[in-house]
Structures are given as C-alpha cells and as structure tokens.
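Asks: Residues per chain, in single letters:
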Amino acid sequence: MEVRLERLSKSFGANAVLKALDLTFPERKFITLLGPSGCGKTTLLRLISGLERASSGSIHFGSERVDHLAPADRNIAMVFQSYALYPTMDVAANIGYGLKVRGVPTSERVDKVGAVAKVLEIAHLLARKPRALSGGQRQRVALGRAMVRKPDIFLMDEPLSNLDAKLRATMRGELKRFHLDLQTTSIYVTHDQLEAMTMSDLVAVMNEGVVQQFATPEEVYDRPVNLFVAGFIGSPPMNFCDVIVTEQAGRAALVLAGRSFPLPDHFNLSRLEEGRRLVLGIRPQDVVLAERDDPHAIPGSVWMVELIGSERLVEVEVAPKVRVCAEVKAEVRAVLDSPAAVAFNPAKIHLFDPKTGLALPRSDGPL
Amino acid sequence: MNLRGLLGRFVLYSLLVIVTTIVCFPLIWALSTSLKPKSEIFAWPPTLWPNEWTLENYSALFAGKQAYFQGGSASAGAVPPSAFFLDWFMNSVIVAVGTTAISTIVSTLAAYSLTRFRFPGQRVVPYLALVGYMVPSIIFVFPMFLVMADLSLTDTLLSLVLGYVCITLPFCMWLMWAFFRGVPVEIEEAALVDGASRLRVFVEIVLPTAWPGIVAAAIFTLIVSWNDYLFGRVFMNSMENLPLTVGVMHFFDGTHVDWGLMMASSVLMTVPMAVLFALLQRHLVAGFGAGAVKG
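In order, the protein sequence lines correspond to chains W and Y. Read in my numbering, the first sequence has 162 at position 162, and its numbers run on one by one without any break. Read in my numbering, the second sequence has 291 at position 291, and its numbers run on one by one without any break.
Bound conformation, chain W alone (with noise of 0.2 Å):
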C-alpha cells in the first residue's frame, strides 16, 4: 500500500521535529529513512504508526487518510527497537496476540503462528519466555509477531540495533528476503547508512526534521543532492575542500592549495564565475595517491595512517587544517610526515555552494 504525507509536521511544545513533510512511499517498497539521532525518523515513524498525533498535515494509505485512527485501526505491523515482547506470554502468545485481539479462532490462529514460526525458524521456541530466548531469537518472535498480521504495512524502528555485528549482518539479508517474499510496503528507520544501502529500495535521508534526499541509494551516493548528504552517507566520509573557480588555458579550473586541475566535464561553469568560491567534495574511494611532480596531483605531507582491513586509509596534509583523506590497498606503504600527493578522479568530484550548501547541477543529468 501506498503512504503519502502531506505537509505533515510534529512539534514537541516549541521543538518542531518535523516541519511540513510532502512524501510519498510508492507500495510494495523497502524504504528507509536514515539520519542522525534527533533528525526526526523515528518520530516519523511513531506518526505513521499512529502512536503519535502529528501536530498539523495529513497522512494517507493508498486512497484513505488515516491520521486520526488509532494504530489499531491502521492495519499496521511495527517491529521496536527494543523488541517490546511481552514479558509475560510466551512465544506463541506474543506472536499470536494481535490475532486474538482480532478475534481469530484458536485454531486458525495456531496454524498461521505455527506458519510464521516456520518460516522464521523458532518453531522449536514457541513454548518459550521471552526471557528465555537470545537477542536474535527475541528479534525473530518480534518479526513474527509483525508478519502475522498480513499488515498492509511493515514499521520498524531500528530492529537490529540490538544485535551484535555478525548477526546484525546475518539479520540484514534475511529482513530483505522476507520483504522480497511479503511484497508489504516496509519502511525501516536507521542510523545507519550500511543498512540502509544494501536494504532500501529508496532511502530517505533526514536531518533537523527535513526529507534532505528521497532517492534510490544508488543516487543518494553517487549524486548527493547537498552538503550534509554527501557527509553523511559513505564510509569513511566524503573529503570536503574549499576551492575557487578559474581560468586555465581557455577552460574553467579550480584551484586547491595553490594548485589547479581542470573542472570536470559534468560541471558546466561559464568563465565569468572565475573566483567564485566553492566545495570540492571527494570520497576517500576516488583519491589516489599519486607522484608528487604529476601536474594535476596535489602535494603534501602524510599526517595519518590508519589500517582498516584489506585497506589503509591515509590522510595527506595539502594545506595547513586541509587534510584529505585517501583510502587505498593495504599494501600501499606510507611513512608519517613524508612528502606525499594526492589526485582525485574527476568523473566522481563533487562540487556544492558553500553558503546554501546544495550540489552543482550537472551536466551529465541523473542516474
């Protein structure tokens, strides 16, 4: 089912959490709304759910507005943080409970519990206290307890941030294939930019109450629509450089550390713009690092190594306080404090104003 919100807003007294969202959630998809905490997610959600009153705007399922129901007249499934089981039923119980309270047959809803549990792989378990289950087994009676339902939409608040790395990892691809099976419409909050790549269909990116980019995370990567989105997503962040526009040999250039390199074909800047202020975004991905007398490399000093696995990061000081980050093979040898360079790939320069913070448009149009 489709969700739409229209100019939808939610203050707590005078903090005003979300401010006037316009966003529509195309059915059947896998969409995530990511930001940092306090960004307004998991209030979105909360309204959406119909836990929470927004304070002005509407939302609507498919044809119907819904924001004056309650959650239980939503049709909705919502899977905590927390899990929130409860404590006192067993396993069976917690995920049959909703049925009950819909009034199912006993033996109906046995059979569909005992389905889910199949499927979930915690049919062994369904005699169990909460309390006697390990965190993923506890996620997966969370998840049952959502799946039951048939809802017409799946919310999930940060479902695997209780788990540990490898079952986080584990838990990922399974949520995507029950999605891939369910075809609910689900929408997942989440801090982080991991889950939401490999899970989204769309990715919702969020800061201060403001959708900053609704996009595919493909385009949210790639074509970052402002400064805090190409910051925020990527690991380890996006480089950022102030730079000013010039003129080289009849073509716009930029200049960073007193060296220049041509401005990339996907960005057309007229000549007049010369010395016009901007922000050269790169990823560590797109630096390499290069012999210190090639024309378009930018020298300096290496001011930070760091290991992370199968690469090694290293931060080359080209500038004093400007400091860019390459991330390159594990092989790659670099001595603290020696002379260095560095080279951005220009098919993947970014580049944003720095006073409203937007990207450039480009020439090579979207994705």
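It should be emphasised that the hints constitute simulated quantities derived from the structure, not laboratory data. From the three backbone atoms N, C-alpha and C, an ideal C-beta is built for every residue, glycine too. Be aware that a few hints might be false.
To be verified - Computed spacing ranges between beta-carbons, pair by pair: (1) Y:R198 with W:G309: 47 to 57 Å; (2) Y:S197 with W:P361: 51 to 61 Å; (3) W:P36 with Y:R198: 28 to 38 Å; (4) Y:V106 with W:E174: 39 to 49 Å; (5) Y:R198 with W:A115: 27 to 37 Å; (6) Y:R116 with W:H68: 21 to 31 Å; (7) Y:L128 with W:R128: 37 to 47 Å.
Stated by the list, open to error - Here are the simulated SDA-like pairs of lysine to any residue, each with C-alpha atoms no more than 20 Å apart in a straight line: (8) W:K100 with Y:L199; (9) W:K129 with Y:E186; (10) W:K129 with Y:E204.
Got chain W; can you put chain Y on it based on the hints?
Replies: Then chain Y, alone, in the frame of chain W:
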C-alpha cells in the same frame, strides 16, 4: 568437596540454624504455651515440650458468646473477653481485606497514570508520597481521629479501613510507581499496534507484567493493617468492634494476664499471615519481565 568447602558449609549452616532459632523462638514458645494447661504455663523449670497437651485455650476462644449466656445468670457485662475473639478475628479480616483491596487498586491505577500520562507535578508526587510515608503514623492518628469523629465514623470498621489506607497508600503508590517505571512503554505500544484497546492493554499486558509489584504492595498493606495496634486502640471502643491486636490486650486486665489465651490468640493471628506468605512468596520472586526488552 574439599575440607575447606565442607567447613564453610558447616559454619554457614550453623549460623543459619542459630538465626532461625532466634527468630522462631517466640513463635515456638507461643505455640507451646498455647497448648499447655494453666498449671503448666508457670511451672518451673519451664517446658518447651508440654508435659500435658490441651486445646482448652483454643476452645475457650472459639466458644463464642453463646456458651457464656447458657447459664442464664451471666449479664453482658460479665462476658469474658475471650467470648469476643471470633468478632475480633472477623473485624481484623474485614479491615485487612478492605484496606488491601482499596490500597492496591488505587495505588496501581495512580502509579500507572503517574508513569504514563504527562501532567504538572508528575515527577514530584511519588517523592512527596514517600515523604508522607516516612512521617510516623502516631503523628497522623489524632488528627485523623478528629476527622473520623466529625464524620461520625469512630468505632466503625470503616474508620480503620480509611486510616490504614491513608498510611499504606503512599508507600504502595511509590512501590507501584517504581515498578511501572520498569515496565517498558514499548510493550504497551506494541499491543496498541497489535490492535488492543487501552483498557485491554492495561488488563492483558500491564497488569500481568506488574503482578509481582501488585503482590508486594498487597502483602505490605495486609501486614500493616493486620498488625496495627495504634489506630485500633484510638479509633475503636466497643468490645465487639475491636480488631484482634487491640482485643487480645483484654486478656491482660491489670491484675493478671491470661497467658494461655494470649498465646493461643497470637498463634491464630500468625497463622493466616504465615499461610498467605507461603502461598504468595512464589509470586514475589516470580520471573519479572527481565529479558522482554533488549538483551
């Protein structure tokens, strides 16, 4: 097990035996005395195990008023105190059960609203309640007596119930408040999303989760209202309206003490509480919602 472990156990169990003996001795002594004939109660050397067993003390307590009126010559004023034992016992039961019902229900609802709804003073109320409980009840008893007198409630069981509710409710509310704070609000939200109404959530999700807390509050109230002497002494005056604690003092009439009746009453007073404890103790420690939320 090595020698050191054995020795440790021996010391531990010895200590346990000593402590248990000290704690239980008065009870055992009361039980023993209640089963002795009057002649043996003051015998020297005293006997812990009666030489002669008798239930005469108990039968005197259970005989009721009828037995004494049968002769036809006894006037009401001559009725011995033991004739009122069953009245006192029932009074204590009624007061204790009434107080427990009111205190538990009201404190549960109040504490729930204190943890779940937002209103001014929400944070202060539980602490104020606790401060109220810390004031000794003797400070409250006389002002309360005056209020009861104004309401024409003195010498009624209702006055005792109200008095005990006043002293037990604040602590019960604080106890339940602390308990409800530990019940994660998410499980209620989960039930709301599952389709349950607010009332249903409270009855089916919240109450079972809070059950150990409710039992604790109920036991506390029962003990206070069952054991209290002060309120019963001040509020009540007719023989037939007294609670047990005050009533049994009539076995001590200034010149002599009827230890047999006193001890038999004490045993009978202790039995209901002991049985209740044995039954409910399991619930007190029954697995509370640990594990339902997070790891």
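Asks: Next, verify each hint and record whether it holds.
Replies: For each hint, the structure was consulted:
Hint check: Y:R198 to W:G309, Cβ distance near 51 Å, so the stated range 47 to 57 Å holds. At about 53 Å, the beta-carbon gap between Y:S197 and W:P361 stays in the expected band of 51 to 61 Å. Range check, W:P36 to Y:R198: Cβ separation about 33 Å, and the 28 to 38 Å hint holds. For Y:V106 and W:E174, the hinted distance range of 39 to 49 Å is satisfied, since their beta carbons lie about 47 Å from each other.
Restraint check, Y:R198 to W:A115: a C-beta distance of roughly 30 Å satisfies the suggested window 27 to 37 Å. The given range of 21 to 31 Å is respected by Y:R116 and W:H68, whose C-beta atoms sit roughly 22 Å from each other. Checked against the hint of 37 to 47 Å, the pair Y:L128 and W:R128 passes, with Cβ atoms roughly 42 Å apart. Between W:K100 and Y:L199, the direct Cα distance comes to roughly 15 Å. Compliance with the 20 Å bound is thereby established for this hinted pair.
For the suggested pair W:K129 and Y:E186, the alpha carbons sit about 17 Å apart, so the restraint of at most 20 Å is met. For a cut-off of 20 Å, the pair hint linking W:K129 to Y:E204 stands: about 16 Å separates their Cα positions.
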